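Chains as they are written, first to last, in our numbering: chain A, 218 to 594; chain B, 218 to 594.
Calculated directly from the structure, the hints in this document are not laboratory data.
Errors might be hidden in some of the hints.
Claimed, not checked - Here are the computed distance ranges between Cβ atoms for each label pair:
1) Arg263/B with Leu447/A: 19 to 29 Å
2) Arg311/A with Gly581/B: 49 to 59 Å
3) Arg339/A with Asp262/B: 17 to 27 Å
4) Ala244/A with Thr433/B: 28 to 38 Å
5) Arg339/A with Gly234/B: 43 to 53 Å
6) Leu447/A with Asp262/B: 17 to 27 Å
7) Thr359/B with Arg540/A: 45 to 55 Å
8) Ala329/A with Gly342/B: 26 to 36 Å
9) Gly232/B with Gly429/A: 27 to 37 Å
10) Arg263/A with Asp364/B: 30 to 40 Å
11) Ala244/B with Arg311/A: 53 to 63 Å
12) Phe369/B with Arg263/A: 26 to 36 Å
13) Ala244/B with Arg339/A: 33 to 43 Å
None of these values were measured; they are calculated from a predicted model.
Cβ atoms here follow ideal geometry from the backbone N, Cα and C, with glycine treated the same way.
2 protein chains.
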Amino acid sequence: MTEPSGTGRTGGTGGTGGTGAFATAAAAVHPPDAGAAAAARQHHDRLAKPPGSLGRLEALGAWLASIAGTPLPPAPAPAAVAVFAADHGVHAQRVTTWPQEVTAQMVATLLAGGATINVLARQMGASVTVVDVGVAAALAPTPGLLDRKVRFGTADLATGPAMTETEARAALDAGAEVAADLVAAGARCLVTGEMGIANTTAAAALVAALTGRPATEVTGRGTGIDELTLARKVAVVQRAVERTEPGAGPLAVLASLGGLEIAALAGFVVGGAAARVPVVVDGFIAGAGLLVASRLVPEALSYCLAGHRSTEPGASAVLHDLRLTPVLDLGLRLGEGTGACLALPVVEAAARVLAETATLEAAGVSGTQPNGPGRGA
Amino acid sequence: MTEPSGTGRTGGTGGTGGTGAFATAAAAVHPPDAGAAAAARQHHDRLAKPPGSLGRLEALGAWLASIAGTPLPPAPAPAAVAVFAADHGVHAQRVTTWPQEVTAQMVATLLAGGATINVLARQMGASVTVVDVGVAAALAPTPGLLDRKVRFGTADLATGPAMTETEARAALDAGAEVAADLVAAGARCLVTGEMGIANTTAAAALVAALTGRPATEVTGRGTGIDELTLARKVAVVQRAVERTEPGAGPLAVLASLGGLEIAALAGFVVGGAAARVPVVVDGFIAGAGLLVASRLVPEALSYCLAGHRSTEPGASAVLHDLRLTPVLDLGLRLGEGTGACLALPVVEAAARVLAETATLEAAGVSGTQPNGPGRGA
Numbered sequence: 218m219t220e221p222s223g224t225g226r227t228g229g230t231g232g233t234g235g236t237g238a239f240a241t242a243a244a245a246v247h248p249p250d251a252g253a254a255a256a257a258r259q260h261h262d263r264l265a266k267p268p269g270s271l272g273r274l275e276a277l278g279a280w281l282a283s284i285a286g287t288p289l290p291p292a293p294a295p296a297a298v299a300v301f302a303a304d305h306g307v308h309a310q311r312v313t314t315w316p317q318e319v320t321a322q323m324v325a326t327l328l329a330g331g332a333t334i335n336v337l338a339r340q341m342g343a344s345v346t347v348v349d350v351g352v353a354a355a356l357a358p359t360p361g362l363l364d365r366k367v368r369f370g371t372a373d374l375a376t377g378p379a380m381t382e383t384e385a386r387a388a389l390d391a392g393a394e395v396a397a398d399l400v401a402a403g404a405r406c407l408v409t410g411e412m413g414i415a416n417t418t419a420a421a422a423l424v425a426a427l428t429g430r431p432a433t434e435v436t437g438r439g440t441g442i443d444e445l446t447l448a449r450k451v452a453v454v455q456r457a458v459e460r461t462e463p464g465a466g467p468l469a470v471l472a473s474l475g476g477l478e479i480a481a482l483a484g485f486v487v488g489g490a491a492a493r494v495p496v497v498v499d500g501f502i503a504g505a506g507l508l509v510a511s512r513l514v515p516e517a518l519s520y521c522l523a524g525h526r527s528t529e530p531g532a533s534a535v536l537h538d539l540r541l542t543p544v545l546d547l548g549l550r551l552g553e554g555t556g557a558c559l560a561l562p563v564v565e566a567a568a569r570v571l572a573e574t575a576t577l578e579a580a581g582v583s584g585t586q587p588n589g590p591g592r593g594a
Numbered sequence: 218m219t220e221p222s223g224t225g226r227t228g229g230t231g232g233t234g235g236t237g238a239f240a241t242a243a244a245a246v247h248p249p250d251a252g253a254a255a256a257a258r259q260h261h262d263r264l265a266k267p268p269g270s271l272g273r274l275e276a277l278g279a280w281l282a283s284i285a286g287t288p289l290p291p292a293p294a295p296a297a298v299a300v301f302a303a304d305h306g307v308h309a310q311r312v313t314t315w316p317q318e319v320t321a322q323m324v325a326t327l328l329a330g331g332a333t334i335n336v337l338a339r340q341m342g343a344s345v346t347v348v349d350v351g352v353a354a355a356l357a358p359t360p361g362l363l364d365r366k367v368r369f370g371t372a373d374l375a376t377g378p379a380m381t382e383t384e385a386r387a388a389l390d391a392g393a394e395v396a397a398d399l400v401a402a403g404a405r406c407l408v409t410g411e412m413g414i415a416n417t418t419a420a421a422a423l424v425a426a427l428t429g430r431p432a433t434e435v436t437g438r439g440t441g442i443d444e445l446t447l448a449r450k451v452a453v454v455q456r457a458v459e460r461t462e463p464g465a466g467p468l469a470v471l472a473s474l475g476g477l478e479i480a481a482l483a484g485f486v487v488g489g490a491a492a493r494v495p496v497v498v499d500g501f502i503a504g505a506g507l508l509v510a511s512r513l514v515p516e517a518l519s520y521c522l523a524g525h526r527s528t529e530p531g532a533s534a535v536l537h538d539l540r541l542t543p544v545l546d547l548g549l550r551l552g553e554g555t556g557a558c559l560a561l562p563v564v565e566a567a568a569r570v571l572a573e574t575a576t577l578e579a580a581g582v583s584g585t586q587p588n589g590p591g592r593g594a
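Starting from the given sequences, assemble the full structure and let the hints guide the process.
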């Protein structure tokens with residue numbers, strides 16, 4: 218439980234060259250407390266159950282301990298979901314059958330509490346904040362809506378850069394700011410959410426460019442497109458990746474391929490890590506944001522948990538690249554933060570079990586003496 | 218949503234020849250409402266999200282609808298966990314390194330609220346009831362403990378029948394009664410739990426006998442035994458299965474191999490199905506109980522959900538045999554009902570999403586008209 222002091226700074230401005238909220242957050246990301254994690258694992262072996270018998274729950278407990286800096290971490294609650302919304306110029310390439318205005322319509326639904334993520338967040342006792350970082354429509358001020366619009370949708374990534382690096386930095390800043398504000402307001406766990414028609418195309422392009430995988434491997438059917446549309450989408454992704462300069466840094470790749478909500482998600486993840494709270498990451502779009510964050514501020518990954526495995530092939534590519542094992546695998550592909558939100562009770566359970574289960578000694582269980590069963594028995 | 222009337226009765230006394238609570242429950246198990254399930258699936262396609270994008274959550278919603286007999290099922294809460302506790306004569310064969318008295322010690326820990334299942338049940342708002350169906354010690358009356366002791370532990374299944382068929386019937390009755398009582402007291406979901414040192418040996422023997430798999434395939438390390446102990450355990454399971462008469466009915470197999478808590482779990486499952494509530498089934502021991510229940514009253518399976526995949530190999534054998542896909546796969550092997558309890562929020566979410574998510578029409582989402590995207594778009 219020795220807190221590293223003065224070591225482990227991981228990037229100053231996170232390689233963005235900026236001076237805003239993201240750069241500040243990037244400079245504040247330190248490695249989590251390995252000593253607290255080890256102490257949590259030792260405590261688990263003293264609890265009234267066979268050692269190791271809680272599997273992933275034990276590992277999650279140690280992870281929470283490393284973030285909280287204490288062997289018995291508090292329950293990571295309440296959680297806060299931030300849903301970053303933006304539009305995509307690549308919609309013009311007919312990569313989806315949903316009209317672009319559905320982004321704004323779903324923002325209204327989110328604000329009215331009627332989207333699936335609202336339902337799940339209510340169940341889990343989590344708040345939902347909607348952040349407009351790039352919806353292609355003027356949105357009326359509404360309670361629960363944060364206006365951090367960088368621009369009215371990205372440019373078409375099929376024909377040129379989705380945005381400028383300055384705009385990418387602004388979206389990163391927005392995400393980092395929202396994370397800091399939510400934690401300042403009492404959140405003890407952050408959940409990534411997003412909404413943006415056509416954003417699986419941008420996410421696929423980013424994942425292809427940052428992992429080096431071919432477009433065919435990381436491009437999926439999104440909301441459920443047919444063969445012809447999928448072929449068009451794959452071609453768009455492939456051309457966009459080819460257009461992106463080889464050897465370009467992660468910020469340049471992010472600006473080239475977009476989207477604004479993915480950039481904001483990357484900032485949000487780094488902001489959560491800077492604030493030392495666990496960040497539960499949703500599926501494919503959030504995974505692309507996490508991939509960007511991990512390239513800009515590698516240590517931020519230590520604060521992140523993959524909430525679930527989306528059925529989108531690019532989501533599994535991200536999990537594989539970042540060596541993450543998701544908590545849930547339930548065939549979801551909705552986004553909004555839904556899969557991550559469903560994982561929250563498991564994360565909370567990991568903390569509660571550590572803090573509340575009786576020890577073998579307190580339970581008076583035989584075999585806690587030298588001749589008893591103990592570990593490996 | 219047509220409720221079958223007078224059809225689908227599945228077994229009278231469930232093949233036990235008894236006249237008690239189990240026989241009554243077995244006669245009351247009817248097929249769930251397929252019409253309500255279909256209506257739930259149709260409703261999902263009208264919600265403000267791409268059709269099918271919630272994966273397993275949509276299937277679970279339809280399943281809950283079929284049990285509730287209505288397309289928008291109420292949340293299956295509160296849940297009630299019943300922990301059936303018993304001892305095993307086969308402990309004498311040194312198939313585990315834990316002393317037999319740990320069963321009674323863990324019962325005391327359960328009653329004091331210090332076991333892992335207590336922690337998880339508190340988090341999920343579920344009650345915990347401990348049922349002594351065969352602990353090999355006299356237990357003092359305590360609030361929260363039900364005395365349904367059939368005998369002081371089973372006989373050693375390595376050398377002869379674990380119990381008589383009359384005793385097996387008594388344990389089945391105890392389980393069915395507890396299920397009925399919990400539902401009468403307000404439970405809207407049942408969770409299987411158990412505690413019994415050496416019970417993975419009895420479960421392995423039952424699974425081998427009822428699925429026809431070799432002992433080596435279904436016998437695991439339980440609480441964490443070494444190679445030598447595992448070899449002894451496999452040999453014990455193999456001999457016990459060979460001793461059991463070929464072609465014996467499920468009740469005879471149950472009596473031959475035990476254990477009392479497994480018999481009670483089988484009764485509990487059938488009792489839950491009779492009361493038309495969802496039953497969330499835990500890992501290996503509960504899986505063995507479910508296997509017995511499915512052989513006695515096949516339709517009971519329609520009311521059961523596999524909460525998680527235990528790391529015990531015999532658990533996967535049961536899931537495969539019964540064609541069940543568990544909700545969670547988190548490497549647990551504790552029992553007590555812990556894995557099933559962790560799955561409860563997902564089950565509850567399935568009901569909430571159906572009832573609370575806005576429809577495409579209500580959300581004013583474009584593309585709900587004939588020329589819009591719709592299913593498969």
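These are the hints, each one checked on the structure:
Remark: the range hint 19 to 29 Å for Arg263/B to Leu447/A is upheld by a beta-carbon distance near 25 Å. Under the hint 49 to 59 Å, the C-beta atoms of Arg311/A and Gly581/B, about 23 Å apart, miss the expected range. A beta carbon spacing of about 23 Å between Arg339/A and Asp262/B agrees with the range 17 to 27 Å that was offered as a hint. One distance hint, 28 to 38 Å for the beta-carbon pair Ala244/A and Thr433/B, is violated here, with the actual separation near 57 Å.
At roughly 49 Å, the beta-carbon separation of Arg339/A and Gly234/B lies within the given 43 to 53 Å, and the hint holds. A hinted range of 17 to 27 Å holds for the C-beta pair Leu447/A and Asp262/B, which are about 21 Å apart. Our hint of 45 to 55 Å for Thr359/B and Arg540/A holds, since their Cβ atoms are close to 47 Å apart. For Ala329/A paired with Gly342/B, a C-beta distance near 27 Å keeps the hint of 26 to 36 Å intact.
Separated by about 60 Å at the C-beta atoms, Gly232/B and Gly429/A break the suggested range of 27 to 37 Å. For Arg263/A paired with Asp364/B, a C-beta distance near 31 Å keeps the hint of 30 to 40 Å intact. Against the hinted window of 53 to 63 Å, the Cβ-Cβ separation of Ala244/B and Arg311/A comes to about 59 Å, which satisfies the hint. A C-beta distance of roughly 31 Å is found between Phe369/B and Arg263/A, which places it inside the suggested range of 26 to 36 Å.
Range check, Ala244/B to Arg339/A: about 40 Å between beta-carbon atoms, so the 33 to 43 Å window is met.
Checked against the numbered hints above, the structure breaks hints 2, 4 and 9 and satisfies the rest.
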